[in-house]
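Q: For the record, the sequence lines run as chains A and B. According to our numbering, the first sequence holds residues 1 to 295 in order. According to our numbering, the second sequence holds residues 1 to 333 in order.
These are computed hints drawn from the structure, not numbers from a lab. Everything numeric in this text was worked out from a predicted model, so none of it was measured. Fair warning: there could be bad hints in the mix.
[Unchecked claim] Here are the in silico distance ranges between beta carbons for each label pair:
| no. | chain 1 | residue 1 | chain 2 | residue 2 | range |
| --- | --- | --- | --- | --- | --- |
| 1 | A | E150 | B | L199 | 50 to 56 Å |
| 2 | A | S70 | B | F109 | 20 to 26 Å |
| 3 | B | T304 | A | V83 | 43 to 49 Å |
| 4 | A | L79 | B | L199 | 51 to 57 Å |
| 5 | B | P44 | A | K208 | 33 to 39 Å |
[Said to hold, decoys possible] Facing chain B, a subset of chain A residues (Cβ under 10 Å, in silico):
| no. | residue |
| --- | --- |
| 6 | L79 |
| 7 | D80 |
| 8 | A120 |
| 9 | G173 |
| 10 | V207 |
| 11 | A211 |
| 12 | S215 |
| 13 | S233 |
| 14 | V248 |
| 15 | R259 |
Glycine included, every Cβ here is placed at the ideal spot set by N, Cα and C.
The chain contents come next:
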Amino acid sequence: MVADKKPLIALTLMLMLCGAAAQSPNHQITKSPNRIISVIPAATEILFAIGAGPQVVGVGSFDTFPPEVSKLPKVGALLDPDVERILSLKPDLVLIYASQTDLKQQLQRAGIASYEYTHAGLADVTSTIRALGDVTGHDGHARDVAASLERGLAEIRTRVKNRSKPRTLLVFGHERAALRGIYASGGIGFLDDMLAIAGGINVFADVKQQAVQASTEQIIARRPEAILEIRASNSALPPADQAAETHVWDALGSLPAVRRHRVMFLVDDRLVIPGPRVAEGTRLMAQALHPEAFR
Amino acid sequence: MTLGTRFLRTVTAFGALALAAIVLAPLVGSTSISLRRVFDFSIPFGDNADAQIFFVARLPRTLAGAWVGACLAAAGVVFQGLLRNPLATPFTLGVSAGAALGAMLAITFDWALTAFGISAVPAASFAGSVAAVAIVYALAQARHRGLSTNVLLLAGVTLNAFLSAMILFVQYFADFADTYRTLRWLMGDLDVSSYEPLLASLPLGVLAFGAFAWLARPLNLLSLGPDSAESRGLNVAVAQRAAFFSASLATGAAVSVGGPIGFVGIVIPHLVRLLVGPDHRLVLPAAALFGGAFLVGCDLLARTLLAPVELPVGIITALIGGPFFLWLLIRNR
Numbered sequence: 001m002v003a004d005k006k007p008l009i010a011l012t013l014m015l016m017l018c019g020a021a022a023q024s025p026n027h028q029i030t031k032s033p034n035r036i037i038s039v040i041p042a043a044t045e046i047l048f049a050i051g052a053g054p055q056v057v058g059v060g061s062f063d064t065f066p067p068e069v070s071k072l073p074k075v076g077a078l079l080d081p082d083v084e085r086i087l088s089l090k091p092d093l094v095l096i097y098a099s100q101t102d103l104k105q106q107l108q109r110a111g112i113a114s115y116e117y118t119h120a121g122l123a124d125v126t127s128t129i130r131a132l133g134d135v136t137g138h139d140g141h142a143r144d145v146a147a148s149l150e151r152g153l154a155e156i157r158t159r160v161k162n163r164s165k166p167r168t169l170l171v172f173g174h175e176r177a178a179l180r181g182i183y184a185s186g187g188i189g190f191l192d193d194m195l196a197i198a199g200g201i202n203v204f205a206d207v208k209q210q211a212v213q214a215s216t217e218q219i220i221a222r223r224p225e226a227i228l229e230i231r232a233s234n235s236a237l238p239p240a241d242q243a244a245e246t247h248v249w250d251a252l253g254s255l256p257a258v259r260r261h262r263v264m265f266l267v268d269d270r271l272v273i274p275g276p277r278v279a280e281g282t283r284l285m286a287q288a289l290h291p292e293a294f295r
Numbered sequence: 001m002t003l004g005t006r007f008l009r010t011v012t013a014f015g016a017l018a019l020a021a022i023v024l025a026p027l028v029g030s031t032s033i034s035l036r037r038v039f040d041f042s043i044p045f046g047d048n049a050d051a052q053i054f055f056v057a058r059l060p061r062t063l064a065g066a067w068v069g070a071c072l073a074a075a076g077v078v079f080q081g082l083l084r085n086p087l088a089t090p091f092t093l094g095v096s097a098g099a100a101l102g103a104m105l106a107i108t109f110d111w112a113l114t115a116f117g118i119s120a121v122p123a124a125s126f127a128g129s130v131a132a133v134a135i136v137y138a139l140a141q142a143r144h145r146g147l148s149t150n151v152l153l154l155a156g157v158t159l160n161a162f163l164s165a166m167i168l169f170v171q172y173f174a175d176f177a178d179t180y181r182t183l184r185w186l187m188g189d190l191d192v193s194s195y196e197p198l199l200a201s202l203p204l205g206v207l208a209f210g211a212f213a214w215l216a217r218p219l220n221l222l223s224l225g226p227d228s229a230e231s232r233g234l235n236v237a238v239a240q241r242a243a244f245f246s247a248s249l250a251t252g253a254a255v256s257v258g259g260p261i262g263f264v265g266i267v268i269p270h271l272v273r274l275l276v277g278p279d280h281r282l283v284l285p286a287a288a289l290f291g292g293a294f295l296v297g298c299d300l301l302a303r304t305l306l307a308p309v310e311l312p313v314g315i316i317t318a319l320i321g322g323p324f325f326l327w328l329l330i331r332n333r
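Generate coordinates for the entire structure from the input sequences, incorporating the hints supplied.
A: Shown next, in the form of structure tokens:
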């Protein structure tokens with residue numbers, strides 16, 4: 001059976017699903033590394049944003065932004081890092097997920113410095129930006145990027161401050177054409193933080209998980225006033241299908257969100273990658289929840 | 001006591017259990033609702049959240065549990081009788097792996113087709129189970145004129161392994177969220193939130209149960225061995241084919257509704273045999289009714305134990321079924 005490794009993989013993926021970044025103590029990083037590899041989309045974006053782009057020699061297979069990364073060698077990702085490829089690129093710093101313990105050991109044996117990420121809230125994005133600035137020798141630039149991100153978030157906060165905050169169900173996936181297997185943001189993680197800044201109250205705030213499989217009963221009982229369906233751009237749907245997908249919610253006619261036609265689809269990578277563009281993603285959420293605040 | 005009375009008693013007892021489970025389970029859930037409001041039809045249904053919780057969330061789910069449990073338990077009895085192997089389950093012959101591959105493909109490649117009112121994932125999982133059954137049957141058929149249960153078993157186990165490898169292969173192309181959703185699907189989920197998946201699978205299940213009713217006596221004869229069964233006037237080849245296809249059909253219908261929920265198809269048949277003896281005329285209806293009640297109960301635990309979050313129902317059936325089955329093994333020595 002395929003069952004043997006299920007719980008373990010599921011657990012890892014649960015941690016993964018939202019992928020935010022925070023730093024942990026890191027060793028043996030040389031003074032300003034000039035051959036950096038990142039297997040994490042958010043970290044790759046940060047490197048380029050703080051001016052460390054020219055030092056990057058390899059990226060993860062899911063990395064698409066900024067466009068320059070398409071020219072760089074792909075070295076796998078969370079579950080399938082290509083160690084041979086990584087070593088052959090002769091990096092002096094590799095940015096990895098904290099759960100990639102095998103990769104970390106292999107890098108250690110090869111005498112290559114690694115920088116570990118764990119997944120947490122929005123505050124960790126700015127602290128990671130600053131930390132990566134220190135590590136890569138772009139501390140000044142990184143501070144500017146972090147400060148501008150914080151300003152962006154603060155501006156959104158101010159705009160929605162005096163608006164009534166809709167109880168919101170933040171969905172990041174369900175089965176096609178059916179209200180089954182609905183995954184929503186729980187009360188921790190960067191998506192929950194983004195929703196709070198965008199002026200929404202998470203209906204699953206009390207569930208301290210990044211991803212909640214929301215049962216039909218819980219969704220009806222929690223009476224969301226808005227439903228935001230967010231997707232990465234690689235899973236964008238044709239407009240007609242997208243309309244059809246919003247209509248699957250009509251089955252739950254008692255939801256205020258359904259009755260007030262407040263079921264919205266947002267398809268944008270900036271919503272799902274907790275990197276330097278996360279303020280832009282938060283702004284998309286805020287515009288959906290409070291269109292009148294952005295006129 | 002004649003068979004007639006024993007049949008009546010068995011069906012009454014297990015039927016009462018199943019009915020009690022179906023009536024009581026929707027009254028309990030992860031939220032509290034007012035029953036008076038649920039049945040207050042002066043409130044428009046669209047405005048009545050209590051009624052929606054009852055009729056959209058809980059009732060279809062309870063019925064799905066009863067239906068899937070009945071199908072899996074009865075299919076388990078038939079597979080064990082057909083293969084003359086107490087360890088056979090509805091998933092031994094590759095049905096679940098075929099269904100899982102179908103579901104995985106639908107999730108990964110985001111198929112949007114809907115057929116007969118059911119959405120892509122259940123439809124694809126049913127198609128996958130049909131394909132697996134067809135392959136196993138063709139293999140078991142090729143070497144012998146009749147069905148060789150040994151070849152059937154070997155083909156099934158091998159196909160299971162092969163399809164599991166295919167699942168990993170497809171998984172390689174899936175992104176994290178899809179992989180996670182597939183893994184979750186494999187653990188079973190009865191939160192159907194509408195009656196359509198049930199209605200869609202009903203005709204198939206009814207067909208299967210019709211065959212089961214006829215199969216009770218042939219399965220009794222088959223338990224003596226194919227040769228003795230043949231000498232007592234049973235057309236073994238026909239009975240084996242009927243058993244194989246009807247049990248596969250019931251399994252495919254169940255998996256398309258709730259995913260491959262484990263242990264129901266093996267624990268319930270054994271428990272029922274312990275209670276009513278080996279006669280399939282009693283075991284089959286009792287297992288169907290008891291299986292339904294059991295899965296409704298397991299799903300009740302799944303949706304309330306860790307509320308507001310849910311446990312996959314397959315974990316509950318495994319946690320109850322696994323130790324219980326081990327106990328049966330030790331006890332029988």
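Q: Hints first: check each against the structure and report whether it holds.
A: Outcome of the hint check:
Between E150/A and L199/B, the C-beta spacing of about 54 Å keeps the proposed range 50 to 56 Å intact. Checked against the hint of 20 to 26 Å, the pair S70/A and F109/B passes, with Cβ atoms roughly 23 Å apart. For T304/B and V83/A, the hinted distance range of 43 to 49 Å is satisfied, since their beta carbons lie about 45 Å from each other. The given range of 51 to 57 Å is broken by L79/A and L199/B, whose C-beta atoms sit roughly 39 Å from each other.
For P44/B paired with K208/A, a C-beta distance near 36 Å keeps the hint of 33 to 39 Å intact. Among the interface hints, the one on L79/A holds; its C-beta lies about 8 Å from the nearest C-beta in chain B, closer than the 10 Å criterion. With a least beta-carbon distance of about 8 Å to chain B, the hint placing D80/A at the interface is held under the 10 Å criterion. Because the smallest distance between the Cβ of A120/A and any Cβ of chain B comes to about 17 Å, over 10 Å, the interface hint for this residue is violated.
With its C-beta approaching chain B no nearer than about 5 Å, G173/A sits inside the 10 Å limit, and its interface hint holds. Taking 10 Å as the C-beta contact cut-off toward chain B, the hint placing V207/A at the interface holds, the least distance being around 6 Å. Hint on A211/A holds. Least Cβ distance to chain B is approximately 8 Å, under the 10 Å limit. Because the smallest distance between the Cβ of S215/A and any Cβ of chain B comes to about 5 Å, under 10 Å, the interface hint for this residue holds.
Evaluation of the S233/A hint against chain B yields a violated restraint, the C-beta minimum of about 12 Å exceeding 10 Å. Because the beta carbon of V248/A sits about 9 Å from the nearest beta carbon in chain B, less than 10 Å, this interface hint is met. With its C-beta approaching chain B no nearer than about 7 Å, R259/A sits inside the 10 Å limit, and its interface hint holds.
The structure does not agree with the numbered hints 4, 8 and 13 stated previously, though it agrees with the rest.
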